[in-house]
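K.L.:
Sequence:
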Amino acid sequence: MATTSFGPGPRVVDQPFFTSSPFEPTRPPVERIEDVDLTDPTLYLDGDPHATWKVLRDTAPIFWHEKGTLGTRGQGFWVATRHAEFVQVTKTESRIFSNAETPLLDMTGEMFGDQISVMDAPRHLAYRRIIQRYFTPKATIEWQDEVRRIVDDILDEICEKGECDFAEIALKIPVPATGALMRLTASECAQLQPVQEALHLADTPEALMQYSQAGLGLFTQIVNDRRANPRADFIGAILAAEPEGEALSDEQVLMYLWILFIGGLDSTVHAMSASLLTLFHHPDQFARLKADPGLMPTAVQEMLRWTAVSQHLKRLATEDTVVAGQQVKAGEFVVVFDPSANRDERVFPEPFRFDVGRSPGPICTFGMGPHVCPGLHFAALEMEALFGAVVKRMPDIRQAGPAERALAFSILLPPIKHLPVSFTPSKKVER
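Residue 290 in this note's numbering is what sits at position 290 of the sequence shown, and the numbering runs on without skipping anything.
Keep in mind that the hints were calculated from the coordinates and are not lab data. A few of these clues could be false.
Unchecked claim - Cut-off 20 angstroms, straight-line C-alpha distance, at most; resulting in silico cross-link-like pairs (DMTMM-like, lysine to aspartate or glutamate):
(1) K428 / E160
(2) K172 / E404
(3) K427 / D152
(4) K91 / D344
(5) K392 / E163
(6) K428 / E146
(7) K172 / D156
(8) K392 / D145
(9) K172 / D152
(10) K417 / E168
(11) K392 / D165
(12) K428 / E157
(13) K392 / D284
(14) K427 / D153
(15) K417 / D203
(16) K427 / E157
Generate coordinates for the entire structure from the input sequences, incorporating the hints supplied.
P.N.:
So, in C-alpha cells, the structure goes:
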C-alpha cells in the first residue's frame with residue numbers, strides 16, 4: 001500500500017500509481033461520475049487513477065467534466081478514456097479537432113506562444129518537416145553507439161560504489177543524448193544539464209518559468225554561435241528553413257529548439273525511473289529480461305505502455321462531431337488520457353499484467369496522429385541503451401530504500417525524486 005504525507009515535500013511511494021497492478025489505493029475509486037475530478041493532483045499522488053479510469057471506461061467512456069477549467073476557457077470539457085476514442089481524437093484532422101489551444105489542461109495558449117506543438121495543419125506539417133528526417137527509425141539507429149557510450153560513461157561514475165540514486169542517473173542521460181542529436185558541444189550540454197535538473201523538479205509555475213528562461217538564454221547563445229558559424233546539422237536545418245516562405249525569426253527559432261529539446265527530456269527521465277521501479281515490483285519479469293536480453297525492445301515498449309507518464313492530451317472541437325456516441329459541439333474541448341487508453345481491455349489483453357514479452361501494440365504514450373512525438377524512436381533507443389547496460393553491468397540491482405516523488409503542482413508527470421538502489425560493484429568499461 002502506498003505511504004503518503006500531506007503538505008510540502010516529497011511523497012514516499014512504495015507502489016506509485018503507474019506501477020499499480022492494481023494495488024490498494026489510499027482512497028477508494030470513484031463512486032459517482034459527477035464527483036470525478038481528473039484535474040486534482042492529489043488523485044495522482046494519493047489515489048489510484050487507474051481504478052478511476054477503469055470505472056470510467058466500463059461505465060462512462062465519455063462524460064462531461066465540470067471541474068478544473070484553467071486550460072478550457074473556464075468551461076467544462078468532455079473526458080474520453082478508451083483507446084478507440086484516444087485514436088479518434090488524436091488522429092482526426094485538425095479541421096475537426098484543433099491542437100491550437102495547447103494540448104494540456106493546466107496551461108493556456110498564451111503560455112505556449114506561437115510554436116509547433118500548438119499549430120494545426122497545414123502549418124504544423126510545414127514546420128514538422130524541417131526536422132522530420134532526423135527522427136526516422138533509420139536516422140535514430142545511427143545514434144545507437146553514441147547513446148550507449150553516454151550511458152556507459154554515466155554508469156562508470158557509480159559502478160565501483162555499489163550504490164546510487166537511480167533517479168539521478170536517469171536525469172543525466174537525456175541532455176547529452178539529445179545534445180548529440182542536435183550536435184551541441186560538450187560545454188553547451190554541461191551548461192544545460194543543471195537547467196534540466198531544476199526544471200524536472202520545479203514545484204511551482206514560477207520556478208518552471210524561471211528555469212525555462214534560463215534555458216532559453218543558453219539557447220540564445222547557441223543560436224547566435226550557429227548563425228556566426230553555420231553548420232549543416234540539426235540546428236542548421238532550422239536556421240535555413242523557410243516553412244512559410246521566409247526564414248524563422250529569432251524568437252521562432254528559439255521556441256522551436258526549446259520545445260524539441262525539453263519535450264523529450266522530462267518524459268524520458270520519468271520513464272526511466274518509473275520503469276526500473278516497475279521492474280522491481282515485478283521481479284519475475286525482471287528475471288526474465290535478465291535471462292534473455294533479446295527481449296529488450298518489447299520490454300521497453302511494455303515499460304512505456306505501463307508508465308505512460310504524460311497523462312493526457314486536450315483537443316478543441318472546431319465543428320460539431322460525435323465521440324463514443326456523444327454529440328460534441330464546436331467550441332467544446334475533449335480530453336483523452338493515454339495511461340487509461342494503454343490499459344484498455346478492448347485493445348490490450350490482460351492490461352494490468354506487466355509482460356516484458358508482450359507483442360507490441362498501439363500504445364498511446366507518445367500520442368498519435370499529426371502531433372505524435374517526433375522523438376518516440378529516440379526515446380526508446382535511450383531506454384534500450386540504459387536497461388541493456390543495467391542488466392549487463394548491474395544484474396543484481398535492487399531497491400535500497402523507498403522511492404520518493406516530488407510534490408507536483410500540476411497533474412502532469414509527478415516526478416520520482418529519489419530511487420535508491422544497490423548492486424555488486426563492478427569495473428568501468430574498458431575502451
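K.L.:
Now, for every hint given, state plainly whether the structure supports it.
P.N.:
Going through the hints against the structure:
Restraint check: the Cα-Cα separation between K428 and E160 comes to about 7 angstroms, which is no more than 20 angstroms; the hinted pair holds. The hinted pair formed by K172 and E404 meets the criterion: a straight-line CA distance of about 18 angstroms does not exceed 20 angstroms. For the hint linking K427 to D152, the alpha-carbon distance of about 11 angstroms falls within 20 angstroms, and the restraint holds. The straight-line distance between the Cα atoms of K91 and D344 is roughly 18 angstroms, inside the 20 angstroms bound, and the hint therefore holds.
For the hint linking K392 to E163, the alpha-carbon distance of about 16 angstroms falls within 20 angstroms, and the restraint holds. This hinted pair checks out: K428 and E146 have alpha carbons roughly 17 angstroms apart, not beyond 20 angstroms. Straight-line distance between C-alpha atoms of K172 and D156 comes to about 12 angstroms, which keeps the hinted pair within the 20 angstroms bound. In summary, the hint linking K392 to D145 is supported, as the alpha carbons are separated by about 16 angstroms, within the 20 angstroms threshold.
Simply put, K172 and D152 have alpha-carbon atoms about 12 angstroms apart, close enough for the 20 angstroms limit, and the pair holds. With a C-alpha separation of about 8 angstroms, the suggested pair K417 and E168 falls inside the 20 angstroms cut-off, and the hint holds. Pair hint K392 plus D165 holds up; C-alpha atoms about 18 angstroms apart against a cutoff of 20 angstroms. Our distance criterion of 20 angstroms between C-alpha atoms is met by K428 and E157, whose separation comes to about 8 angstroms.
Straight-line distance between C-alpha atoms of K392 and D284 comes to about 17 angstroms, which keeps the hinted pair within the 20 angstroms bound. For a cut-off of 20 angstroms, the pair hint linking K427 to D153 stands: about 12 angstroms separates their Cα positions. About 12 angstroms separates the Cα atoms of K417 and D203, which keeps this hinted pair within 20 angstroms; it holds. At roughly 10 angstroms between alpha-carbon atoms, K427 and E157 fall within 20 angstroms of each other, so this suggested pair holds.
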